[in-house]
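Produce the entire structure from the sequences given, and follow the hints as far as they go.
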Amino acid sequence: MVNENDEFVPHAIHTWFGYLKVRGVIVTRDEGAKYGQYARDTQERIKNALSTYGWVYCVDCRKPLFDLNEALEHAKRGHLLTNEFMRDEVAAEEVPMVS
Amino acid sequence: MNELRYILGGPQGGGLETLSELLSWAYAHAGYGVISDREYFSNIKGRHSYIHATVSATELPRHLTYPVDVVAAMDAETVFTHFDDLRDGGYIIYNSDDDNVSFTSIPSMERDLRERLTSEFKELGVDGTVKSVVKYLQSNRKVRAVGLSFKELLMEIEKREGIVPSQASRYISTILAGAVAAITGINEEDLDYSLKRRFVREDLYRHNRAMANIVIEAVKGQFGSELKLDKSSVKVPGVLVASGNDIIAMAKTVAGVRFQAYYPITPAADESFTLEEYEALSGEGSIVVFQTEDELAAINAAIGAALTGARSSVATSGPGFDLMVEGLGWAGQNEVPVVVTYYQRGGPSTGQPTRGGQSDLLSSVFASHGEYPRIVLASGDHEETFYDAIDAFNYAETYQVPVIHLVDKFLANTIATIPLPNLDGIRIVRGNLAPKGLSGYKRFDLSSVISPRAFLGDYVMWYSGDEHDEYGHIDEDPINRIRMFDKRMKKLDMIEKEIPEERRYSYFGSERPDIVMVGWGFVKGAALKAIEELNGEGIKASYYHIRMFIPFPRESITKIAREVGVDKLVAVEHNYQAQASRLVAMNTGITIGKSVVKYTGRPIYVHELVNAIKNIMRGSVREVMSYGA
Chain B
23 MVNENDEFVP HAIHTWFGYL KVRGVIVTRD EGAKYGQYAR DTQERIKNAL
73 STYGWVYCVD CRKPLFDLNE ALEHAKRGHL LTNEFMRDEV AAEEVPMVS
Chain D
944 MNELRYILGG PQGGGLETLS ELLSWAYAHA GYGVISDREY FSNIKGRHSY
994 IHATVSATEL PRHLTYPVDV VAAMDAETVF THFDDLRDGG YIIYNSDDDN
1044 VSFTSIPSME RDLRERLTSE FKELGVDGTV KSVVKYLQSN RKVRAVGLSF
1094 KELLMEIEKR EGIVPSQASR YISTILAGAV AAITGINEED LDYSLKRRFV
1144 REDLYRHNRA MANIVIEAVK GQFGSELKLD KSSVKVPGVL VASGNDIIAM
1194 AKTVAGVRFQ AYYPITPAAD ESFTLEEYEA LSGEGSIVVF QTEDELAAIN
1244 AAIGAALTGA RSSVATSGPG FDLMVEGLGW AGQNEVPVVV TYYQRGGPST
1294 GQPTRGGQSD LLSSVFASHG EYPRIVLASG DHEETFYDAI DAFNYAETYQ
1344 VPVIHLVDKF LANTIATIPL PNLDGIRIVR GNLAPKGLSG YKRFDLSSVI
1394 SPRAFLGDYV MWYSGDEHDE YGHIDEDPIN RIRMFDKRMK KLDMIEKEIP
1444 EERRYSYFGS ERPDIVMVGW GFVKGAALKA IEELNGEGIK ASYYHIRMFI
1494 PFPRESITKI AREVGVDKLV AVEHNYQAQA SRLVAMNTGI TIGKSVVKYT
1544 GRPIYVHELV NAIKNIMRGS VREVMSYGA
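Residue numbers (the working numbering), protein chains in the order written: chain B, 23 to 121; chain D, 944 to 1572.
Don't take each hint at face value.
Below 27 Å or equal to it, Euclidean Cα-Cα: the simulated DSS-like pairs (lysine-lysine) are [claimed, not checked]:
#	chain 1	residue 1	chain 2	residue 2
1	D	Lys988	B	Lys43
2	D	Lys1102	B	Lys43
3	D	Lys1085	D	Lys1171
4	B	Lys85	B	Lys69
The hints are simulated quantities; they were obtained by calculation from the structure and are not laboratory data.
Here's what the structure looks like:
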């Protein structure tokens, strides 16, 4: 069931899947991209995100973006942008301590 | 088959640790010996990380080698990075959804590797997509490709069982665990043991059990269990499956350590984290684990604790040790029994924080201004390190000196099956302790080299970094200086006399060798396996394993050099200069002129060591090994 207000939150490591917040289910990235919040009203949303957080993250390029034009370029290429990742309790156990 | 080797690769933080544990525990539960090394980048998440393992049906393995029988890939980057590590006829397990991903589109891949792959793929006629690499492996290397759609599997489980979203990467681990289990014939009971142990939450276990079943059924149906290991003939009554970090933490609890100070540093910190799990501030077996603001504070805190009578240690790595050196000198000056567990990593400076090395040997032997006695021991494998860690405290308290216990990242982060330690022969030796009720106690009493040690609070005593008299008061008198200095340094003579030669080294292999490898630390596992392989080719090889650098095993190495000839000795080390061979020269006058070294930060693999030794026998005097992603 499509819910226009749902929001896709990608997994931070396995970016080919993620989580639909409202429905509470795991979906593939392709499915989730339909609900990527930056896919709609792109420019306005990215502008707001950059002014609020200072960054958006390109899931496809695995890189944070700080500039509106650069972020718009990624969006135009169909890249998935996000400001949020799935909470993963596993990651802490999986990553060796590095310092 | 009696030995299985595999690589499990994927993005850091994506479930590799879980995958490795699932498989290691299942094999160990089935009675096989396992060793698995983890190689990872120094960033936190996302970069390519992999586990390289050996499973044996005949021994508890201590070695790693290439090529491998199986590459199990969580992502496309693993396929590109490790396709060449596979033996002909091996198996590649991968995500078929990545078929069209090209190596040029992987942002986390280092430029150097991308450039190497560009030319390699051109030569091989591969277009650089996962699909093309897999096709090449199938056609040219007879590799069997197990392509699984991770998306379909995940969605199937979501539909059938639901997924615990906050632990979603567990399911990816299980896809690969199931596939490896199927191909290598792990039985249901052993895999189930692992799943239950790893996934304590009932729903998580149930989901992952279901995922494993789906994968096993699909893979077995298509490929069978061609790589099934022979029934295990490993005969040990019980094993531990643990990392080097954990083994040392266990040993410290057995040794009666009461205080450990540390500042987090790779690859040492995990030891302290394990000890923290057993922290108890009072009562029998109490242990305090103190995370300080830096390494200067850590060594000084440990010294302070040691003065109170608590068995004390620090765990650190190269950059941390550098900061501790002044404190170590204070311990030397004040005859404080403190143990430094020193995990070597790639240096200098930050160097390669998550990679291994043995380049801190000379630093551990010489670091400090001024002169004072110290003991330096080095462990070659998990079993050795357990007993060495305990000995370190006994030596420290017997001789009232700082002791440096050298290990390395390879040992620290490698998980291995080891026989349950034999605790019967373990003794806690606290050395010469001052009786209660003395009058006029002198902490640095010159009537014996090892002055009776009292703890803070037992008597009034003084400690200072300066030269001091028998009470500990600052004293710059030249005659006192000589007497006090001599007293301290004479400990080296005692240590030399009392620690037996056979404790300082081990010797393996032919008594009449064509070639003798001289090494230390984690070199041991590869060297012992190399002996077998070289013997199989008609070359009588042996390995002289240095276990202590202070005191140095000068008699035995001198004897061997005399008997077999110096020209048959070759230093095998994880550093540029073959540092141990420099210490051989310093201690014996024997110059080992040939070396096989590796300083890429990756472990020495048996196959490259065998090749290097053969090159040495053909006349080469220096071989630099480089295998490993």
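Provide an ascending list of the numbers of those earlier hints which the structure does not satisfy. none
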